[in-house]
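J.: Sequence:
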Amino acid sequence: MLDDLNVVGTSWRQDQTVDLKQYLLEEQGLHNKLEDFKIRHGLSGIVYLTTCNRIEIIYSSTKYTEHKDLRPFIFELLTGNKPAPGEARKKLRAWHSEGACEHIFLVTSGLDSAALGETEITGQVKKCKDLFLRNNLIGQRIDLLFEQALKVSANVREATGISRG
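Last residue of the sequence shown: 1320 (my numbering), numbering continuous.
Read the hints as simulated data drawn from the structure, not as lab findings. Here the structure is a predicted model, which is why all the values come from computation and not from measurement. Heads up, the beta-carbon is just placed ideally off N, CA and C, and yes, glycines get one too. Don't take each hint at face value.
[Stated by the list, open to error] Straight line, CA to CA, 25 Å or less: simulated SDA-like cross-link-like pairs of lysine to any residue: (1) 1281 / 1219; (2) 1237 / 1281; (3) 1237 / 1224; (4) 1245 / 1168; (5) 1246 / 1196.
[As the list claims (entries may be wrong)] What follows is a list of derived Cβ distance ranges for each label pair: (6) 1273 / 1221: 33 to 39 Å; (7) 1194 / 1223: 14 to 20 Å; (8) 1194 / 1314: 37 to 43 Å; (9) 1239 / 1185: 24 to 30 Å; (10) 1194 / 1158: 29 to 35 Å; (11) 1195 / 1241: 37 to 43 Å; (12) 1222 / 1319: 39 to 45 Å.
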């Protein structure tokens, strides 16, 4: 049931020396670039999440999605360069199915942040969700994933008091 959900990206946790700027997409033309990528790879939704410590592409595949591992294509989307053999796999982390959901829940809750429990990420996820919803890129599955992640985040903060200091 969750097999269509995927996350590909990089963060401070994967490589503390990585310069995330090399993976940043320009705001101008972002919608068109992601729309083209979505169509070309047969996706039902795509989101580009950036924070000061991570850059991730969240996407939902369909029966028309030809490739199981889109890391090489996402590497090219983010950097503008085709990856050398194995480069995308080395530099970009991938989560699939339940792992993708768990990852987004952890990120949104601030449990995968450089500063454990920081709250800024929750607002960034909400802003990202709203932006890609307005642009008709998010798709139902990712929209639901983000809605649930925001609820989980609120529950984690309430139950643990993690962000109270």
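J.: The structure should be examined with respect to each hint, and the outcome stated for every one.
T.: So, going through the hints one by one against the coordinates:
{"no.": "1", "hint": "1281 / 1219", "result": "29 Å, violated"}
{"no.": "2", "hint": "1237 / 1281", "result": "31 Å, violated"}
{"no.": "3", "hint": "1237 / 1224", "result": "15 Å, holds"}
{"no.": "4", "hint": "1245 / 1168", "result": "14 Å, holds"}
{"no.": "5", "hint": "1246 / 1196", "result": "21 Å, holds"}
{"no.": "6", "hint": "1273 / 1221: 33 to 39 Å", "result": "38 Å, holds"}
{"no.": "7", "hint": "1194 / 1223: 14 to 20 Å", "result": "18 Å, holds"}
{"no.": "8", "hint": "1194 / 1314: 37 to 43 Å", "result": "41 Å, holds"}
{"no.": "9", "hint": "1239 / 1185: 24 to 30 Å", "result": "26 Å, holds"}
{"no.": "10", "hint": "1194 / 1158: 29 to 35 Å", "result": "21 Å, violated"}
{"no.": "11", "hint": "1195 / 1241: 37 to 43 Å", "result": "23 Å, violated"}
{"no.": "12", "hint": "1222 / 1319: 39 to 45 Å", "result": "44 Å, holds"}
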